[in-house]
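If you read the protein sequences in the order shown, they are chains A and B.
Going by the numbering used here, the first residue of the first sequence is number 1, and it counts up by one from there.
Going by the numbering used here, the first residue of the second sequence is number 1001, and it counts up by one from there.
The hints are simulated quantities; they were obtained by calculation from the structure and are not laboratory data.
In this text, a Cβ means the ideal position worked out from N, Cα and C, and glycines have one as well.
Hints are supplied without guarantee of correctness; some may be wrong.
To be verified - Straight-line alpha carbon distances no greater than 20 Å define the calculated EDC-like cross-link-like pairs of lysine to aspartate or glutamate that follow:
(1) B:Lys1044 <-> B:Asp1019
(2) B:Lys1044 <-> B:Asp1016
(3) A:Lys424 <-> A:Glu411
(4) A:Lys231 <-> B:Asp1075
(5) A:Lys97 <-> B:Asp1075
(6) A:Lys220 <-> B:Asp1016
(7) A:Lys142 <-> B:Asp1086
(8) A:Lys97 <-> A:Glu259
To be verified - Computed spacing ranges between beta-carbons, pair by pair:
(9) A:Lys144 <-> B:Gln1099: 27 to 33 Å
(10) A:Lys98 <-> B:Asp1075: 17 to 23 Å
(11) B:Arg1148 <-> A:Lys144: 54 to 60 Å
(12) A:Gln284 <-> B:Thr1002: 41 to 47 Å
(13) B:Gln1067 <-> A:Lys98: 23 to 29 Å
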Amino acid sequence: MEHHAAATTAVFGLNPMWIATALLVLTYAAVISERINRAIVALLGAGLMIVLGVLNQERAVAGVDFNTIGLLIGMMMIVSVVRRSGLFEFLAIWSAKKVKASPAGILLMLQIVTAVVSAFLDNVTTVLLVVPVTFVICERLKVKPYPFLVAQVIASNIGGTATLIGDPPNILIGSLVGLDFNQFVVNLSPVIIVIQVVVSAIVHVLWGRTLVAAAEDRAKVMAFNEHEAIKDHGLLKKSLIVMAAVLVGFVSARFLGLEPATIALLGAAVLLLLDCFGKPAEEQSQVVTHTFTECEWITIFFFVGLFIVISGVESTGLLAILANKLVEATGGDLATTAIAILWASAILSAIIDNIPFVATMIPMIKAMAPTFGGPEGLMPLWWALSLGACLGGNGTLIGASANLTVAGMAERAGIHFGFLKYTKTAFPIMLITVAISHAYIAWRYL
Amino acid sequence: MTANPPVLHREDTVKDALDLLLKHRYLALPVVDDNRRYLGMFAKSRLFGLLLPSVVAGEGKLPERGQLPNLAFMDDHVADLRSRFDTVGEQRVGEYADQTVPKIAPDASLMEAVLIVFRTRNFVPVVDPVTNRLEGVLSTWDILSKIRERN
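Could you put together the complete structure from these sequences and hints?
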């Protein structure tokens, strides 16, 4: 019984709400400052929530959404195995050759590949897989890679918005609100397709139409043999089967009565089994160790810590108070609230990490249910939050991890990919994508 | 320790580096500035990196997920490699001096030196930690010949 008592007795007799608020603000500030690794920040915040008596350990652990964590880890493990097959290089080269290696065509094709892959894998992984081949192709064509990189960053954030598993904010919303894969596809992918078409047109006008490559350089790219990129045909076959099965699992999750984490982790286990079956014990443990090391533990522990910090704040009632204030500000009008959430999420996500923002917003929006006639009435708000938070990430270089990842890769290759240079083009594009979302939400839901 | 090893000057070209590596059949050479201050090592493997697409050459700093699994899809020939080498051959080695190679101080213990030589399978620059001057290099041969010469 002792731990129940601890939950309500904060140290020094301070009001737990103040402690929780202070810890939330400090955690946010430390994440934004980027002076300390975000996993360390989140774990410190979580630890202090417990030590200072806002939560006890039991309630802290209960605050961690293991569906999100399991889904993230499962997908990371699957990608780590699939990557080795060379599938993604195959896709990139195949698509480049489909357009006869014309630079403008490749610019478009790689956006499509990035957006589609990103809908099923997380955005950072997608760009890590597609950008290296992009460099190789650009080097061959003797064209500047910068437009390709910017277009791919933007496409990865757009494509990721289309599905439950495409971007961490969606994983969070899906898991914490209980929305399934199909609901995301039905509600978000129509507008995402429109947005990607519009953005590709803008990219073509900005860069594509002026890109030229010599015929002999194009011939060199046409000489690439995409089939040679497939390193391990057996592994490719196994990967495709498992990925298809996982996808079917997500689509029929409700019917099967399964949560996404179960499907992803089971998929990862089956893929590892297929890959390891018949191999000697030592080789098996190498494959498994390797797969685990390729998971992004910084992201995982960031989520774990953050969940605890937010559940601490939530337990003090602070988020419900903030939600009431927000509803008051919008006069309890659903349309105004949805549009306010869309634009505020977009602008904030362009500046701060969208994961903590979304994780904080979810309990706040949930608390608005009575105003809008129960959980069903909240649906437009969830789509507004998702579109705002995911698309907003395109706005600045620090808006999403994929942006920073590509910037890092570009700088190492000697290509200037600075904050202002990126933001100058990407921020207006982001505003256009959010404006399209605005129109879509107003037309479809309000 | 070899006190006066062949060295590359930061202003030397990549082509000079290849010639010197071929002449001595060394695996790597230290790069120094005008005052013989140590700037890093230029290894034979770096030359291979320069023959590859630049994204592969820089991939050591990427997360493993960002490394290309293979390059079998490219069908380059020796002529292509030669033309690529011609373009990088005029660049300065100073740009490519690798500072992450382990180095040792002149007063380092024998066991520390043996461990580094074992792990790098190469020779190790001996650098004064205060002045940063290159004092020499320590190779596997230096250590092995010391063991052999009992009297």
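These are the hints, each one checked on the structure:
1. B:Lys1044 <-> B:Asp1019: Within the cut-off at roughly 11 Å; holds.
2. B:Lys1044 <-> B:Asp1016: holds (12 Å)
3. A:Lys424 <-> A:Glu411: The hint holds at about 18 Å.
4. A:Lys231 <-> B:Asp1075: With Cα atoms ~15 Å apart, Lys231 of chain A and Asp1075 of chain B stay inside 20 Å; holds.
5. A:Lys97 <-> B:Asp1075: holds (15 Å)
6. A:Lys220 <-> B:Asp1016: violated (30 Å)
7. A:Lys142 <-> B:Asp1086: The given pair, whose Cα atoms are some 16 Å apart, holds under the 20 Å limit.
8. A:Lys97 <-> A:Glu259: violated (39 Å)
9. A:Lys144 <-> B:Gln1099: 27 to 33 Å: holds (29 Å)
10. A:Lys98 <-> B:Asp1075: 17 to 23 Å: holds (19 Å)
11. B:Arg1148 <-> A:Lys144: 54 to 60 Å: holds (57 Å)
12. A:Gln284 <-> B:Thr1002: 41 to 47 Å: holds (45 Å)
13. B:Gln1067 <-> A:Lys98: 23 to 29 Å: holds (25 Å)
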